[in-house]
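Asks: With the hints as your guide, set chain V onto chain B.
Top to bottom, those sequences are chains B and V. Residue numbers are given in the working numbering: position 105 of the first sequence equals residue 105, and the series is strictly consecutive. The number in the working numbering is simply the position in the second sequence, starting from 1, with 1000 added.
If you're looking for bench data, these hints aren't it; they were derived computationally from the structure. None of the hints are false.
With the C-beta cut set under 8 angstroms, the calculated list includes, among others, these residues of chain V facing chain B:
1) T1008
2) T1032
3) A1043
4) P1048
5) L1308
6) G1311
Derived DSS-like pairs: lysine-lysine, alpha-carbon spacing no greater than 25 angstroms straight-line:
7) V:K1075 - V:K1045
8) V:K1075 - B:K82
9) V:K1075 - V:K1046
10) V:K1158 - B:K82
11) V:K1158 - V:K1037
12) B:K82 - V:K1037
13) V:K1045 - B:K121
14) V:K1130 - V:K1075
15) V:K1045 - B:K82
16) B:K121 - B:K139
17) V:K1075 - V:K1037
18) B:K82 - V:K1046
19) B:K121 - V:K1046
20) V:K1262 - V:K1165
21) V:K1262 - V:K1158
DEER-style ranges, computed between Cβ atoms:
22) V:K1045 - B:N21: 26 to 34 angstroms
23) B:E171 - V:D1264: 46 to 54 angstroms
24) B:K82 - V:E1282: 29 to 37 angstroms
25) V:S1078 - B:E171: 33 to 41 angstroms
26) V:S1078 - B:R152: 31 to 39 angstroms
27) V:T1008 - B:E54: 32 to 40 angstroms
28) B:N21 - V:K1158: 38 to 46 angstroms
29) V:E1282 - B:I115: 41 to 49 angstroms
All values derive from a computational prediction rather than experimental measurement. Just so it is clear, CB atoms sit at the ideal spot from N, CA and C, and this is done for glycine as well.
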Amino acid sequence: MDADRIARALTRIAHEIIERNHGVSGVALVGVRSRGVPLARRIAATLASVSGEEVPTGALDITLYRDDLMRAAIGPQPVVRKTEIPFSIDNRTIVLVDDVLYTGRTTRAALDALIDFGRPKAIQLVVLVDRGHRELPIKADYVGRNVPTSRRESVQVRLQELDGVDDVTVEAGE
Amino acid sequence: MDVPVAATALRQRNLLGIADLSPGEIVLVLDTAEAMKEVGRRAIKKVPTLRGRTVVNLFFEPSTRTRTSFEIAEKRLSADTLNVAIGTSSVVKGETLVDTAMNIEAMSPSMIVLRHASSGACHLLARICKAAIINAGDGMHEHPTQALLDAFTIRERKGRIGGLKVAIVGDLLHSRVLRSNLLLLTKLGAEVWVCGPATLIPPGLDRLGVRVTTRVDEAVEGADVVMMLRIQLERMEGGYFPSLREYFTTFGMTDARLGRAKPDVIIMHPGPINRGVEIASEVADGPYSVILDQVSNGVAVRMAVLYLLAGGADDETVA
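For reference, chain B alone in the conformation it holds in the complex (with noise of 0.2 angstroms):
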């Protein structure tokens, strides 16, 4: 995918945002760091000048809640960010926004960090990109591209806010 793909992709998923909830009101948007919060930025800005109304958004760390944390015995612990939600999820209706979706296990963790904030009316999910494999019983509402890897392949999403370009490209695994 490159920049005008990932561009008319996030522009339709902002409109499908609208359709699917009636307008915006009451929806507020979560990025998953990294790549996730960049996109979600991306996806406000269309849905403020597309409904007039700002979207509130916040960023999503959630080292804390990954299941693979303390089960390998050797290896430095994951560089921990911080969580920016500076408004209340009760009630809202929280589109959440990552930039894959593979095994599904980011988004357990995302559900778990979520709901440790409060109970949301409910949570939906865009990816940028769904590259199957699921091992978790997830489900993405919004998909940018659907793109069949192999698990050895892996998948970059390259962002011109974290790293000076936006592309989409499956690359071969080790």
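Replies: This is chain V only, laid out in the frame that chain B set:
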């Protein structure tokens, strides 16, 4: 001085002292503590990170702040915690530190938080225990988590540590807090001044890269941070100064003295404070005081240390 880039992990499996940490590792702990502080602001102040891990708090010296702070930090990370208080343990029956530790070790804790009156007690346990050892104060040696929370508090207020003038005033001889702070602040590039009565200045302090003075006004002049150390009343039998009243007159921090510091100075104290000895109540409770911030930040910093050590880095320090 450039701000050091955060390391990606701690190289050691124990936290025995600031002496073992690189500037990048210190920044990693402080950055991680920022994320941990956010957990403490949530409605549900608990994350599942250390579920199934046991942490033993082994305190051979009295402590309220440090022990409670560690315990809250452990609980917020969902670790199972166990407090062994010295008064009720087998130590009163004559058991040695090593025997006590080996017995606790046999119950497979992941980490042991140790406070002990002897310098080097943590190093001793680190050599014989599989559990990671966190130094919560050993004799007159180090108190690394205190220095880390002090640094966190300074960085939170001032946005940086490098280039700041930090004046540390009080009992320089018996203070493990001083030692850890000197190591940390000089590693991060602060200009450190220390001040106390000549009888409470250990020889060789100037070789640690700090300025030493007995004139409190000189130390405080233009300071960004003033850190008061506790006069350890229990250690003052040596006749280091004539009276507590005279100490207060000569070294105690008052509003008048603080007037020489920068207008946005912050005043710190590791606690417990002796009001009217090293610090006037007007200062301790005044607008420049961040003493209670230090206590709240202690929980976040200790969560960061527990988290970073729980993964088990390379075993390079194991003898």
